[in-house]
Amino acid sequence: MSDTHAESVAFVRESVIPPAPPPARETGAVRWLRENLFATWFNAILTLVALYVLWVLLSGLVPWVVNGTWQGSSLAECREILQGNGGGCFSVLRERWPQLLFGFQYPDYLRWRPVLAFFLLFVAVPPALFIMFLPRWTLIVTAIYPFLAYWLIWGGTILTPLFAALGFLAGYLAFSIVERRGFVLGLAAGLLAAVAVWWFGGLLAGEFPRFARLEAVVSRAMGGFMLNLILGIVCVSLSLPFGILLALGRQSRLPVVKGFCVVFIEFVRGVPLITLLFVANVVLAFFLPPDANFDLILRVIIMITLFASAYIAEVIRGGLAALPKGQYEAADSLGLDYAQAMRLIILPQALKISIPGIVNVAVGLFKDTTLVSVISMFDLVGMIRGPILASTAWAGIYWELWAAACIMFFTVCYGISQYSQWLERQLHTDHR
Amino acid sequence: MAMTDTDTATPQMEISDEVAIEIRNMNKWYGAFHVLRDIDLTVQRGERIVICGPSGSGKSTLIRCINALEEHQQGSIVVDGTPLSSDLKNIDKIRSEVGMCFQHFNLFPHLTILENCTLAPIWVRKIPKREAEKTAMYFLEKVKIPDQANKYPGQLSGGQQQRVAIARSLCMRPRIMLFDEPTSALDPEMIKEVLDTMIQLAEEGMTMICVTHEMGFARQVANRVIFMDAGQIVEQNEPEAFFRNPQNERTKLFLSQILGH
Chain A
1 MSDTHAESVA FVRESVIPPA PPPARETGAV RWLRENLFAT WFNAILTLVA
51 LYVLWVLLSG LVPWVVNGTW QGSSLAECRE ILQGNGGGCF SVLRERWPQL
101 LFGFQYPDYL RWRPVLAFFL LFVAVPPALF IMFLPRWTLI VTAIYPFLAY
151 WLIWGGTILT PLFAALGFLA GYLAFSIVER RGFVLGLAAG LLAAVAVWWF
201 GGLLAGEFPR FARLEAVVSR AMGGFMLNLI LGIVCVSLSL PFGILLALGR
251 QSRLPVVKGF CVVFIEFVRG VPLITLLFVA NVVLAFFLPP DANFDLILRV
301 IIMITLFASA YIAEVIRGGL AALPKGQYEA ADSLGLDYAQ AMRLIILPQA
351 LKISIPGIVN VAVGLFKDTT LVSVISMFDL VGMIRGPILA STAWAGIYWE
401 LWAAACIMFF TVCYGISQYS QWLERQLHTD HR
Chain B
433 MAMTDTDTAT PQMEISDEVA IEIRNMNKWY GAFHVLRDID LTVQRGERIV
483 ICGPSGSGKS TLIRCINALE EHQQGSIVVD GTPLSSDLKN IDKIRSEVGM
533 CFQHFNLFPH LTILENCTLA PIWVRKIPKR EAEKTAMYFL EKVKIPDQAN
583 KYPGQLSGGQ QQRVAIARSL CMRPRIMLFD EPTSALDPEM IKEVLDTMIQ
633 LAEEGMTMIC VTHEMGFARQ VANRVIFMDA GQIVEQNEPE AFFRNPQNER
683 TKLFLSQILG H
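First to last, the sequence lines map onto chains A and B. Under the numbering used here, read the first sequence as residues 1 to 432, first letter to last. Under the numbering used here, read the second sequence as residues 433 to 693, first letter to last.
Be a bit skeptical, because a hint or two may be false.
With a straight-line Cα cutoff of 27 Å, these simulated DSS-like cross-link-like pairs (lysine-lysine) come out [what the hints assert, rightly or not]:
1) Lys566/B / Lys576/B
2) Lys684/B / Lys325/A
3) Lys583/B / Lys561/B
4) Lys558/B / Lys583/B
5) Lys561/B / Lys352/A
6) Lys558/B / Lys521/B
7) Lys325/A / Lys258/A
8) Lys624/B / Lys574/B
9) Lys352/A / Lys325/A
10) Lys352/A / Lys367/A
11) Lys258/A / Lys561/B
12) Lys583/B / Lys521/B
13) Lys561/B / Lys525/B
14) Lys325/A / Lys583/B
15) Lys576/B / Lys624/B
16) Lys525/B / Lys325/A
17) Lys558/B / Lys574/B
18) Lys521/B / Lys352/A
Over 12 Å on every C-beta distance to chain B, these chain A residues come out as not near it, computed from the model [what the hints assert, rightly or not]:
19) Gly86
20) Leu334
21) Leu427
Hints in this document: simulated from the structure, not taken from any laboratory. Where is the CB? At the ideal position from N, CA and C, for every residue including glycine.
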């Protein structure tokens, strides 16, 4: 109190108190233990119970992994090797891994193609996910990838995916040229150009089926974890743009657009995914001519995408609703038109708010791809339940297979979740 | 107010005969509620108008009608010779000529200060990015915060944010500026810095309409003060006469309440 007038009532500060470091905390392991694990009697009991549960779990798990065997070609042989030491019979994974990964019909001498496609994924995806660190042109790689991956996995002449890509390009060019005369006109022109190129490409591919040809593999042969990944990646990437359009449509002032979006979202959300998959599998076949070449995987992709986009639309609608009205007004008052305001101001903010919800849907969707096993497609779950568990050699072996399936799904889903948290930190600019 | 020398400068600010905004017989309803009633207002180029009145009197709604943030149901509004109709082209043209500042700034929190200022010139006026950035820095210097250009709005104080909002509007080179209670959400210490910026703008001859309760600002800068109540223009006059000798009972009551303490 040396620098204040302690004896007077009126107070005048004459010097600024310099900032001081916080008091040094007592540290050390013992203190940490006491504070976090044994703070009270109740706390101590909980700690001991938790330790016991942990011990029970580990005493089962560790011998199972450590004593497990990778030898033997049937459950009987496996049991002979193990002689009841509590180890796992991991030989089923060693023997059946190609089936778990690719299904049982994908030709084994062609497996390098999906493997190559898988590794190219790690080249194609970063431009989309880490665009803030990479030049914009790298997105071209991402744009080319779907067509290349299709060619690698399904095979056939390169003309099919090539003209599919060219169709999109032509559609985009036509749209951007005609758009100045009106948005709807541009959309129509784009669609027309794309369809024309696709039709021409179809003719050409029919005429020269051997041009730059990889051995074709039918959709029925796709299976295993590969099928889950194909469905998951394609459906997530398609349902995001559709979800955005549906969410914006639901906010539209045009009653027709709004009505369509509301009815679509409410209908799709009100129906179980399994029913939609059955519709894709069975019911659509009734309406299509018997020789119609409408691929089963394509039908499933359409159904899952519709389903997921309805959910994503609702998540994004939440993000849109969370934005203050002032953001729309500021964009309007600066003279931005609707498309610019949405693209530059509203969606970047709304999508950022929606990241946790979108990731929730994406992870759920990826796991839901296992539902295709009920319409007799042999994805990872379908493979385990069907061909592997039904075989005489491996009937009755559950833990090892399902644990492997869990690890595979967990790896992908945890990766998605970590990416989304990283992205949220990157986009944290508003300092609220 | 600090800038006493502007009192002598006020009469020299030029007002031309050219009409900037013409509002005739304008009526607006929210549902069945009649918010704006028979508004007639002509603003000459270079005029600085302050609109005041109790809350709910329709003053914000009035200026928001001028750049079509609100629709009006009856009457006509002509801004810079362009009639305001439901034609989107006219609306976009008017909005790009009329700048607006909001009570809550409404900066874009996901963009830096510089990007906030260059966005509309680049996308609406199709100005090259370099040039837009140069213009933005010019106006940021004018509002005295060029050193914050690469920060995000959330890192700035309220007064700084409002000055950025003014700079952002100016980057579109507007011919008319609308201010919707620009200082109402600010701490007393920050009000002055924003008012100084607005005074500077007025001295340069910008046509301005301000909804504000800063009577000192009105006295110093405005050449016309409009008092609104219950959706109508109740009284308008030159600031000296308006404050010294209000005519309408409602105006007298309002002034005695806000100047009384």
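Structure-based check of each hint:
For the given pair, Lys566/B sits about 15 Å from Lys576/B by alpha-carbon distance, which is consistent with the 27 Å threshold. The hinted pair formed by Lys684/B and Lys325/A fails the criterion: a straight-line CA distance of about 35 Å is larger than 27 Å. Taking the CA atoms of Lys583/B and Lys561/B, the gap is near 18 Å; set against the 27 Å cutoff, the hint holds. Under the criterion of a C-alpha separation no larger than 27 Å, the hint pairing Lys558/B with Lys583/B is consistent with the structure, at around 24 Å.
Between the alpha carbons of Lys561/B and Lys352/A the distance comes to roughly 25 Å, so the proposed pair stays at or under 27 Å and holds. Between Lys558/B and Lys521/B the CA atoms are separated by roughly 16 Å; this keeps the pair inside 27 Å, and the hint holds. In summary, the hint linking Lys325/A to Lys258/A is supported, as the alpha carbons are separated by about 20 Å, within the 27 Å threshold. A C-alpha spacing of about 15 Å is found between Lys624/B and Lys574/B, which places the hinted pair at or below 27 Å, so the restraint holds.
Restraint check for Lys352/A and Lys325/A: the C-alpha separation of about 17 Å stays at or below 27 Å, so the hint holds. Taken as a hint, the Lys352/A and Lys367/A pair is honoured in the structure, with Cα atoms around 23 Å apart against an allowance of 27 Å. A distance of roughly 36 Å separates the Cα atoms of Lys258/A and Lys561/B; the hinted pair therefore is violated under the 27 Å criterion. Among the hinted pairs, Lys583/B with Lys521/B is inconsistent with the structure: their alpha-carbon atoms are about 34 Å apart, more than 27 Å.
Restraint check for Lys561/B and Lys525/B: the C-alpha separation of about 21 Å stays at or below 27 Å, so the hint holds. Straight-line distance between C-alpha atoms of Lys325/A and Lys583/B comes to about 23 Å, which keeps the hinted pair within the 27 Å bound. A threshold of 27 Å between alpha carbons decides the hint, and for Lys576/B with Lys624/B the separation of about 13 Å falls inside it, so the pair holds. A threshold of 27 Å between alpha carbons decides the hint, and for Lys525/B with Lys325/A the separation of about 22 Å falls inside it, so the pair holds.
Distance hint between Lys558/B and Lys574/B is fulfilled; the C-alpha atoms sit about 23 Å from each other, no more than 27 Å. Of the pairs offered as hints, the one joining Lys521/B and Lys352/A is violated, with about 31 Å between alpha carbons and a cut-off of 27 Å exceeded. Under the 12 Å C-beta cut-off, the non-interface status given to Gly86/A relative to chain B holds; the minimum distance is some 56 Å. With a minimum CB-CB distance of about 4 Å to chain B, Leu334/A fails to clear the 12 Å threshold, and the non-interface call is violated.
For Leu427/A, the non-interface assignment is contradicted: its Cβ lies about 7 Å from the closest Cβ of chain B, within the 12 Å cut-off.
Hint compliance for this structure: hints 2, 11, 12, 18, 20 and 21 are broken, all remaining hints hold.
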